[in-house]
Amino acid sequence: MQYTLSVLVENHAGVLSKISGLFSRRGFNIDSLAVGVTNNPEVSRITIVANGDEYVVEQLEKQLNKVIPVIKVKRLAEGEFISRELILIKVHCAASKRAEIIKTAEIMQAKIVDVAPSCVTVEYCECTNRVETLIDLLRPYGIREIVRTGTIAIDRGNTALSV
Amino acid sequence: MISGAEIMVKCLEAEGVKVVFGYPGATICPFYDKLYDSSIKHVLVRQEQNAAHAASGYSRCSGLPGVCVATSGPGATNLITGIATAYADSVPMIAITGQVKSDLLGRDVFQEADITGACEPFVKHSYLVSKTEDLPRIFKEAFHIASTGRKGPVLIDIPMDIQQNEIESFEYPDKVNIIGYKPNTRGHAVQIKRAVEAIKNSRRPLIVSGGGVLSSGVKPKFQAFADKTRIPVISTMMGIGVMPSDHEMYLGMLGTHGKPVANRALHDADLVIVCGARLGDRAVAAPDQMSEKTTVIHIDIDPAEIGKNVKTEIPIVGDMKNVLNMLCDEIGDYVVPNQWQETVKGWKKSFYRTPPKFDGFVEPRALVQKLSSMLKSKAILVADVGQNQIWCANNFMIRDGRFLTTGGMGTMGYSIPASVGVKFARPTRDVVVVCGDGSFQMSMNELATIVGNDLAIKIIIMRNHRLGMVRELQDVFYEKRHSGTILEGDPDFQKIAEAYGIDHAEVNSNEEAEEILRTVVKSDKPFILVCNVYPDTPSI
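Sequence order for the protein chains is A and B.
If you count by numbering that gives the first Met the number 0, then the first sequence holds residues 0 to 162, one letter each, in order.
If you count by numbering that gives the first Met the number 0, then the second sequence holds residues 0 to 539, one letter each, in order.
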């Protein structure tokens, strides 16, 4: 099962290494990790997407809570949150294929952010499933390079995670 | 103006620190210079790892965080095993290390090591100090973190310039405010009710006590609870001493090297109350089998322990002290079914075996048992790691004293340095070390610390010329191929004792050993007793 955790941490140097070290040390597999400062400049928010059974996710939550600079850990409920990641894809693109690729990007609501004689770069900000779909659609043209941010997520509705 | 080094000393004084264990070096010199003027006693160990073990021994017997100090680079890395030991055994400790100057950090200069990075998995928390102004807050937080919640070591790494810089004034904060650290010490009332209901509905309840009962300082209350309810008690290695060894309802240590009667009780129990124990693999080898037929109530200050190794029906997060009070109130005048009491008492008798004797050698299990009666009731026995540890764990008869060993980490060489800390914490108690010839040689350099500080520590070396526990493992699982387990080239321990000016004797029978010990335990000087033990003597 895949699950998404939101972790509020003190915004200090060294906090990220305390957390990332925990994963390898305790044998947790994570799919992605994204970190950035929140509306409170003293607090950063880490979004972790990981795989495992109930035992693993429970242990992961508890071990995260033991890290002193960790302020709050929340498991986001399936279907109750919005998630996004940003991807930049550089696709091989002969002039003859350019229109096709632009059309594909348009259908997916992605943006062309750079064009070169034999390449285009596509920017896309969506949930992981949609991102994967776009990659699949572009793969036949020849993908030269991919860079992704890792997933960030936020609860739907009125609830807000704060310190 | 006041320097960082002076602030460090003042912080320790403000925390009531009376003694620190350490080993100096260039980058911690500013601190050592200020320490020289302080009333805090500095104990010079002979290797940094032992400073950490001494601080651990001190901490476990004083209830205060022990403090150890080392310099940067190799001094700091030598501390690691001691810090990791304290972490595994949940012992509160403050480790202070010097570090190269801030502007040299990361340049791989002389005696530089990333000690906060290296210790990450073994500390409860760590600080690399970047401003002299931060020192008071950091010390206050460090002592708070080390000694609350699940206790453990906290490392403070302080670059030399931070120690040298001067600031306007010193003020020690009286409160801490760490937003992400608020341990839950109160048990949940609903869970307590559920637990009591389950206990009342069970027919064969059993308590498994761990080190958590001792570290929360709740031994008398715990004993009263067991006395009143008559629920049989077994303990993990770290929990030994929670009950007097000869208590009618106490069955001894569980696990691979535990007492058969304790394991039998665990096997037959229909409800187990786990108190402050992690139940590692040496305690419960097949946790799945256990949880299948047993209702588990797990009480622990650390929520991450609950359900980690053993499936738990009723988790209770909180300090043993509070939880026990709540349990006592809730349980009323409940007493365990008579039949279960009688069954357990019957087992206790039928499982007892006298260890076999080997002529011309000391029988270690019988000697440890006898030793108990020669010591004062509050005596502290410090066992090392290996067969000596198991002999002591299963045979030392605790009355009102302590049994110390590293049950979590299992670090050989622990006993002698730890006993140094113990003696500083409890100078009037009988302090006895039992170690093997392997473990003795891992820390015999600390005999100098013992002599240098006039510590009346009695050291019993069980000499079998083997790394006995591994030898035993090889006998069973590796076709008796004794690869690397024969201690060749051992020195004459009596001559070693002689060189340090410590009184000593060597014996080949229990009678001789007992006769010597009877007089020696009363003296105020250290002593080394070398006991020759038959090499094939089993652990259990």
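Think of the hints as simulated: they come from the structure by calculation, not from any bench.
Any given hint could be a false lead.
Stated by the list, open to error - One side of the interface only, derived from the structure: several residues of chain A facing chain B at Cβ under 8 Å:
1) 11
2) 20
3) 24
4) 61
5) 67
6) 69
Unchecked claim - Using C-beta positions, here's what the derived DEER-type ranges look like:
7) 17/B x 11/A: 52 to 58 Å
8) 182/B x 122/A: 50 to 56 Å
9) 285/B x 20/A: 28 to 34 Å
10) 280/B x 145/A: 41 to 47 Å
11) 124/A x 182/B: 51 to 57 Å
12) 25/A x 223/B: 52 to 58 Å
13) 20/A x 107/B: 17 to 23 Å
14) 124/A x 41/B: 57 to 63 Å
15) 11/A x 39/B: 29 to 35 Å
16) 477/B x 79/A: 51 to 57 Å
17) 333/B x 11/A: 48 to 54 Å
18) 116/A x 109/B: 50 to 56 Å
Even for Gly, the Cβ is constructed at its ideal location relative to N, Cα and C.
field: Non-conforming hints, listed in increasing numerical order
entry: Numbers 1, 7, 8, 11 and 12 - these are the hints that the structure violates, sorted from lowest upward.
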